[in-house]
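> So the chains spell out like this:
Protein chains: 4
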Amino acid sequence: MIIVLRPDATKKDIDHIITKVKKLGLKAMVSRGVERTIIGVIGEEDVLRMRPLEAFPGVEKVMPILKPYKLVSREFRGKSTVVDVDGVRIGGKKIAVMAGPCSVEDLKGLMKIGKAVKKSGATILRGGAFKPRTSPYSFQGLGEEGLKYLKEVKEATGLKIVTEVMDIRDIPLIEEYADILQVGARNMQNFNLLKEVGLSKKPVLLKRGISATVKELLMSAEYVLANGNFNCMLCERGIRTFEDSTRFTLDLNAVPLIKKMSHLPVIVDPSHGTGKWELVSSMSRAAIAAGADGLIVEVHHSPEDAYSDGAQSLVPDKFKEMMEALAPVAKAVGREL
Amino acid sequence: MIIVLRPDATKKDIDHIITKVKKLGLKAMVSRGVERTIIGVIGEEDVLRMRPLEAFPGVEKVMPILKPYKLVSREFRGKSTVVDVDGVRIGGKKIAVMAGPCSVEDLKGLMKIGKAVKKSGATILRGGAFKPRTSPYSFQGLGEEGLKYLKEVKEATGLKIVTEVMDIRDIPLIEEYADILQVGARNMQNFNLLKEVGLSKKPVLLKRGISATVKELLMSAEYVLANGNFNCMLCERGIRTFEDSTRFTLDLNAVPLIKKMSHLPVIVDPSHGTGKWELVSSMSRAAIAAGADGLIVEVHHSPEDAYSDGAQSLVPDKFKEMMEALAPVAKAVGREL
Amino acid sequence: MIIVLRPDATKKDIDHIITKVKKLGLKAMVSRGVERTIIGVIGEEDVLRMRPLEAFPGVEKVMPILKPYKLVSREFRGKSTVVDVDGVRIGGKKIAVMAGPCSVEDLKGLMKIGKAVKKSGATILRGGAFKPRTSPYSFQGLGEEGLKYLKEVKEATGLKIVTEVMDIRDIPLIEEYADILQVGARNMQNFNLLKEVGLSKKPVLLKRGISATVKELLMSAEYVLANGNFNCMLCERGIRTFEDSTRFTLDLNAVPLIKKMSHLPVIVDPSHGTGKWELVSSMSRAAIAAGADGLIVEVHHSPEDAYSDGAQSLVPDKFKEMMEALAPVAKAVGREL
Amino acid sequence: MIIVLRPDATKKDIDHIITKVKKLGLKAMVSRGVERTIIGVIGEEDVLRMRPLEAFPGVEKVMPILKPYKLVSREFRGKSTVVDVDGVRIGGKKIAVMAGPCSVEDLKGLMKIGKAVKKSGATILRGGAFKPRTSPYSFQGLGEEGLKYLKEVKEATGLKIVTEVMDIRDIPLIEEYADILQVGARNMQNFNLLKEVGLSKKPVLLKRGISATVKELLMSAEYVLANGNFNCMLCERGIRTFEDSTRFTLDLNAVPLIKKMSHLPVIVDPSHGTGKWELVSSMSRAAIAAGADGLIVEVHHSPEDAYSDGAQSLVPDKFKEMMEALAPVAKAVGREL
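Here the protein sequences line up with chains A, B, C and D, keeping their order.
Residue numbers for the first sequence follow the working numbering, beginning at 210 and rising by one.
Residue numbers for the second sequence follow the working numbering, beginning at 210 and rising by one.
Residue numbers for the third sequence follow the working numbering, beginning at 210 and rising by one.
Residue numbers for the fourth sequence follow the working numbering, beginning at 210 and rising by one.
Among the hints, a few may not be true.
[Claimed, not checked] Residues from chain A shown here face chain D by an in silico Cβ test under 10 Å; the list is partial:
{"id": "1", "residue": "Pro216"}
{"id": "2", "residue": "Ile227"}
{"id": "3", "residue": "Gly249"}
{"id": "4", "residue": "Leu275"}
{"id": "5", "residue": "Asp453"}
Derived from the structure by calculation, the hints contain no laboratory data.
It should be emphasised that the depicted structure is a prediction, and the values quoted were computed from it without experimental measurement.
In this text, a Cβ means the ideal position worked out from N, Cα and C, and glycines have one as well.
Make the full structure from the sequences, and use the hints.
Quick look at the structure:
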């Protein structure tokens, strides 16, 4: 950690800081420059993170040297993590495709969608039983009934299930049905929820908050790993910017960036990341070309009847086309669908 | 609701939309322009919000006419809401000042701060017992012990208490101690939490998410009111932008804007909104001049020893100066401290 | 154009608006809904764009139906534009790769870079002779001397030249040397400059401003086309967001989006769009997979000696690797390098 | 400057950096920590700004210690600058109010507005003769004719004139008429224009770009001062964020922040900063309470006939009310109108 002093910092200010630093078992190195004096602190930086050094008299700014996360970092593990979802491996050579409706609405429709996406090459079924909705007057999900429908489609197709957990109290119920617990963008910093899914035996799909930096996403994943669950996947799903022609701005820079910073698999959601079904296929190809380990895509057999997110859902035929166009791109970057 | 059709929309597309609209009990008015045909829909727009009209064939875009919130709108209530916090009225002529440390750390310190802020004119004590922290390795709050300290200071000073609720499971406990339940920025769209505090008898302070629009803040407040709790205050605490010289960008435009859109009181947090104690006093004056009904300010007797947010905390003497400089501004806009 | 009235708009307000609309030769259709009255305006919407309808008494909001651009729209032209840069065609099957240093620094280095990128498959040489720099104390470019070096490398390699125009007064000089006039991100809304390059016979590469929407980029291109120059290419080079681990957020959504909205070719700049050379190759692949027609990439033989942007420059060997990895991706999406 | 090395940096990498640093006449101090080695560089940091240190082998990141601007910094001058605009002093105790239409449209209207704002207490007339417009089809300003109208109103009222310079070629003409040269937000990084107004004898009003940081605004002002013109004022006029209920987000944090960083006067534009005339009066009060030295406000006698920005213009009566409500706020913060 580097402490930069104000031009008018006094000797007393400097001594005061050095004394505090030493008390914490760290070493302080003072370096006097032409216009500024700086103090370098050597030792376990974490001890200092908890101290508001900027509040000390004479301090202009404080610059951390080390990263605040440990367990999620690539350095910690060296090799890439492959998450095993009951036989479906995510993070290896094979691209994982999760597909299905935004919300689970009825068994018949879900079965139709499930069979179609399975046929086109998806291995995991997505679908929300508990839905976070901006308006209290919007459809809030079918709850346990929705989970049962997901299970029926799983039994019929062999698809694994990913579904969102919004409420800590629902975790035991959802664990009975789901193969992957999804933490949605709005809950990326719901730390108590992160701790609880960190205690679960089920793999976790953690979506990036719409205004979260990549570092904050990694810090949230750190909560999951620190509680014992290393089967964690990260999902880029678009961030909020000033651009209003798309629903969000899909930040594909984050894909190769996270792969360098962390050992965890990266999934991309081109449906939320664009908000327009016409852009989903192009951005799926871009995501895989950028190095993503998987995709999560909204598919609905009749988007105009969907209870949510119809405008960004592909019909099964378009999903099939998407998968066909994706295969050669996956191959071009040394992966397979 | 206005449905704008693509230039290549067919008669079949148009008939299909009209049929659907009529089935929902609404009236459709078709208007053919030079370059585009549009369909105006008359009736209860809410019925349509749940239909993904943009997914219909031939549709280019859909433009809602009405606001998606009802109970929080100024039109709904006409006059401004005054929230009564056990005798302290917020939203009337008198400006409410909430002050205290970011986290509750120990009784002695808290008592010192409480007495000081009371003396300078604060009427409500702030302090976190449960803390949302980016890192799993940071101080997470004292929990119930912290709540007890808050109560002791309340008894000694007469200050009311505002403290954050992070977890639904903690609500009954916090209700025993707090006078206002704070929902933090990270939980602004934790809809289950919003429902639960909507069922509480305690007033709610709802902080704006760092990337939430004013409309989304109002929609989240709609959850609280729709569950029966009309004693809800909104808090502007800075949004995330590209500017990196301050911790957040305090959006004071939101103050007069919300006052026009809604009847609920607006509180401003200049401590988080700037992240720098040197800017807090200026921005407090600006907030009141813009029309805010109250402030929530971080005060710590020894910021350099604070467990969190030291850099943005005022020492009690600076808080006193802030209050003294604020009084004439409040008077200049027809309010009082 | 749709004019939504306030709930309290009077008959007088409505009549006033209708009178004004009719005077402009347009037709007004009034539609009374349950909670709002709206007025649909039929006719040439452009006439109305110049009238501040929101300033009329009784008006709540105004919603345009039509797009404000004409010449750049896909509807205007139907097919995609292929820009012919003295024999190098951009916008067709072949991907155009522009490569070279950020700034032209000396002839020897530039020649080295030019020969290397040519060998790896680039067809256009990039290099700044006039440099927009944040600081008045930074290197501002070699000016005409730099242009001469570019020309020498062109003669030796056959590469075409793209270089930035910052000042209207320099256009005649730059036209003598360059094959493509680049308008930089900072000048995307320097409308007088846009008019002047619109009057030039040379093709234009228009870079998106760091906070410009896609619509604004198209409006700026409209200035170029409206002044007679249809040989215009658009460049996505990253937008400014809150994410600070990369220099900008490369908005690849913009690629398929612009291809749907406009007939103009789209170039992607992964060097500025990431700010980190380690991410450039991955994002080049993603850009082509998303549908881009070309790339503009910074290459420097000795980034640590570069006068600007060294951290995002590839060395020639890395550029060669990038091109080799790119070829199969281009093929996978039906293009060729 | 601090250079942080990668964990895998070799001794060769370190020696290479040290050699380069020493060659530049600087001193390098190596400090080996538990997880990282860092190199502190002592001496004139500016020499290093031009070297892309991040491109050196073994370097993880580079952190500058000093600010990149000099002449605009408060440290450079100590006291606050008061700009004398032909007798009207800006930056002292008296708040400067600039008011007038967005565009100069006709003499009669301008005279009406000029007389009205003068009567209400404005001392400077604003009005655009050259207008930057997003669309090539919008009104582009009256040019010299507009300047003549401004002069006529100046002669009749005694108001000074501020008007925008868009094109370097127009400077000599505008200097004949205007008392203050305004550089608009879109041109904040048009560095050649900055150099030219820096050579002018007229005071400059430099508006912040919609996506410029405060530091970048100061760097742009540095261009003006470095070319000899110290009569420079900075203008906060709203930044672009995700919030879409207002046209821009007025960043009032920037006011006290700039006053701490720089000696230059700060003007606030609540008209562009909100885009809604209903918010202008509240935000004017907030700006002055935050410490601004002046305001620039759009006033039009008939906003519904304005050629631009009608929705954010005050009618003269509302401007009068604004000024009356502003006076006690100015007094409350020790200023006067």
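> None of the hints should be skipped; say for each whether it holds.
Hint check:
1. The criterion of a C-beta within 10 Å of any C-beta in chain D is met by proline 216 (chain A), whose closest approach is roughly 7 Å, and the hint holds.
2. With a least beta-carbon distance of about 15 Å to chain D, the hint placing isoleucine 227 (chain A) at the interface is violated under the 10 Å criterion.
3. The interface hint given for glycine 249 (chain A) is met, as the beta carbon of that residue sits about 5 Å from the closest beta carbon of chain D, less than 10 Å.
4. Because the smallest distance between the Cβ of leucine 275 (chain A) and any Cβ of chain D comes to about 6 Å, under 10 Å, the interface hint for this residue holds.
5. Hint status for aspartate 453 (chain A): holds, given a least beta-carbon distance of 7 Å to chain D, under 10 Å.
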